[in-house]
Amino acid sequence: MAYPTDRKYTKEHEWIQASGTSAAVGITDHAQEELGDIVFVDLPKVGEELAAGKTFGSVESVKAVSDLYAPASGTVSEINGDLATAPEKVNKDPHGSWMMKITLKNPAELDALLSAADYEKFVAEEGGH
Amino acid sequence: MGAKMVEFNGWDMPVEYPASIGCGIINEHMAVRTGVGIFDVSHMGDIRLAGPQALAAVQHISMNDASRLAVGQAQYSALLYPQGTFVDDVIVHRLGEDECLLVINAGTREKDFNWVRDNTRNFDCAVENLSDDFTQIAIQGPKGVDVLQKLTDADLSAVKFYWVTRGTVCGLKNILIARTGYTAEDGFEIYVPADEATSARVWNEILSAGKEFGVVPCGLGARNTLRLEGKLPLYGHEISDTINVWEAGLDRFCKMEKPEFVGRAALEKAKAEPIKRTLVGLEMTERGIARDGYKVLDDGGREIGYVTSGSPAPFLKKNIALAYVPPEFAALGTPVKVEIRGQGVAAQVVPTPFYKRPKKTA
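Protein chains in written order, with numbering that gives the first Met the number 0: chain U, 0 to 128; chain E, 0 to 361.
No lab work stands behind these hints: they were computed from the structure.
Using N, Cα and C, we set each Cβ at its ideal position, and we do this for glycine too.
Please note that a few of the clues may not be correct.
Calculated pairs, SDA-like style, for lysine to any residue (alpha carbon to alpha carbon, straight line, at most 25 angstroms) [what the hints assert, rightly or not]:
| hint | chain 1 | residue 1 | chain 2 | residue 2 |
| --- | --- | --- | --- | --- |
| 1 | E | Lys3 | E | Gly280 |
| 2 | E | Lys230 | E | Gly280 |
| 3 | E | Lys230 | U | Asp5 |
| 4 | U | Lys91 | E | Glu195 |
| 5 | U | Lys91 | E | Ala18 |
| 6 | E | Lys317 | U | Ala63 |
Label-pair distances were calculated between CB atoms; the ranges are [what the hints assert, rightly or not]:
| hint | chain 1 | residue 1 | chain 2 | residue 2 | range |
| --- | --- | --- | --- | --- | --- |
| 7 | E | Gln82 | U | Thr54 | 41 to 49 angstroms |
| 8 | U | Lys10 | E | Ala18 | 19 to 27 angstroms |
| 9 | U | Glu87 | E | Val5 | 18 to 26 angstroms |
Partial pick of chain U residues on the chain E-facing surface, computed with a CB cut under 8 angstroms [stated by the list, open to error]:
| hint | residue |
| --- | --- |
| 10 | Asp36 |
| 11 | Phe39 |
| 12 | Leu42 |
| 13 | Pro43 |
| 14 | Val45 |
| 15 | Ser57 |
| 16 | Glu59 |
| 17 | Lys62 |
| 18 | Val64 |
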């Protein structure tokens with residue numbers, strides 16, 4: 000799958016798509032494929048402060064639990080409530096299924112993240128698919 | 000097949016097959032409950048005991064009563080240490096008057112074989128480790144019989160659950176066919192020669208024959224969720240060398256009326272004392288998934304036990320777990336909590352097995 004170029008990626012397999020100081024966060028196609036059937040997404044509460052690189056929640060497949068890491072610092076402004084009842088949407092459309100939106104504390108933090116091409120290369124080198 | 004592989008007790012094993020061919024743990028699990036799935040379970044070990052005292056030897060080393068087995072019959076049993084805890088659980092197949100086959104777990108193969116050999120030295124029987132001689136393929140699910148019947152001359156309708164027969168399978172003569180499994184579903188396990196070309200050919204022929212029944216290849220992930228719904232124990236989780244038969248609730252497979260077997264004396268003593276912990280089924284009543292090793296808390300937040308196996312149950316569509324708790328928390332309906340990432344999440348004690356396959360209506 001081609002990774003959308005309208006966003007940035009982390010080595011922990013999250014994506015972040017910013018528009019001004021607001022940004023949507025989700026997990027990548029590679030992450031959902033590695034996890035398998037996703038059955039549970041645990042997300043923070045609106046208003047919570049997140050620090051870049053720190054865990055903000057978790058995603059669970061039938062077989063495993065995986066931590067989610069904040070790609071950037073900020074305040075949670077919105078949670079995708081659909082995922083509470085239909086977590087499998089993350090498998091079906093990983094790049095369309097945002098998990099939360101945050102108000103960025105410092106949009107320049109995104110400059111340090113991976114581009115789509117770099118992320119794709121990273122996944123290939125990690126011995127992925 | 001592009002399966003996702005994992006190392007399991009030194010074996011490269013498929014966890015699940017790809018979504019692109021209709022697989023993934025949930026689909027694989029559902030196929031076995033409603034249709035048919037096949038598993039490569041070659042990692043399982045096989046120990047053959049043969050000789051005039053083979054049955055007596057099996058009686059000495061196992062807790063169930065193998066003398067009740069007719070030739071061609073199988074039973075669930077366990078090998079115990081003298082203290083009444085588990086070496087391993089096994090399926091004992093009585094293949095002849097003087098021949099038994101024990102099917103054992105992958106992670107305990109060497110330990111089990113050494114233990115069986117050492118504990119049967121006083122019996123007139125040969126003990127052979129046949130683990131590397133067979134590829135074991137499990138064909139599981141209500142339509143498993145239809146798939147396998149296309150590939151064998153043996154009359155499978157005559158083979159009852161936990162019985163074995165021999166027949167030609169995929170052109171291979173004298174193949175052992177057992178109506179057994181680890182999925183809480185009807186199904187068969189066949190034992191074919193382990194060479195790669197033969198194993199691969201049989202695997203592919205089963206997939207082709209099963210196409211009309213919607214067969215899917217299944218990995219270890221589905222095997223685990225299927226056995227958990229059926230409350231079938233897994234070594235290292237529900238049973239181990241520190242857990243005894245009474246705690247594990249496997250009383251009905253332990254025949255204390257047998258005058259002697261390894262572990263019996265300790266179990267007799269343990270039976271006279273109050274039990275400290277017991278295996279219960281839990282269902283999460285709040286959002287959250289219990290996982291192996293998570294703590295179980297009482298309603299007030301005090302630690303009372305731990306989860307041995309926990310997972311979403313794909314067929315039941317609930318989050319279930321098996322856990323050891325003190326007996327005062329074992330009553331059905333008892334509210335408890337499971338500690339998930341530092342939070343106590345509500346669960347309650349429920350009847351087990353979580354899933355029981357529907358009785359066949361003739």
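Checked hints:
1. E/Lys3 with E/Gly280: violated, 30 angstroms
2. E/Lys230 with E/Gly280: It holds: about 8 angstroms lies between the C-alpha atoms, which stays within 25 angstroms.
3. E/Lys230 with U/Asp5: Status violated; Cα separation ~48 angstroms.
4. U/Lys91 with E/Glu195: Given pair lysine 91 of chain U, glutamate 195 of chain E is violated - Cα atoms ~36 angstroms apart, limit 25 angstroms.
5. U/Lys91 with E/Ala18: This hinted pair holds, its Cα atoms lying about 10 angstroms apart.
6. E/Lys317 with U/Ala63: holds, 16 angstroms
7. E/Gln82 with U/Thr54: 41 to 49 angstroms: holds, 42 angstroms
8. U/Lys10 with E/Ala18: 19 to 27 angstroms: holds, 24 angstroms
9. U/Glu87 with E/Val5: 18 to 26 angstroms: The hint (18 to 26 angstroms, Cβ to Cβ) holds, given that glutamate 87 of chain U and valine 5 of chain E are roughly 22 angstroms apart.
10. Asp36: Holds, because the Cβ-Cβ distance from aspartate 36 of chain U to chain E comes to roughly 5 angstroms (cut-off 8 angstroms).
11. Phe39: Holds - the Cβ of phenylalanine 39 of chain U comes within 8 angstroms of chain E, reaching about 6 angstroms at its closest.
12. Leu42: violated, 11 angstroms
13. Pro43: At 12 angstroms from the nearest chain E Cβ, proline 43 of chain U fails the 8 angstroms test, so the hint is violated.
14. Val45: violated, 17 angstroms
15. Ser57: holds, 7 angstroms
16. Glu59: holds, 5 angstroms
17. Lys62: Hint on lysine 62 of chain U: holds, closest Cβ of chain E at ~5 angstroms, below 8 angstroms.
18. Val64: OK, holds: valine 64 of chain U within 8 angstroms of chain E, min 6 angstroms.
This entry does not satisfy hints 1, 3, 4, 12, 13, 14, going by the numbered hints stated previously.
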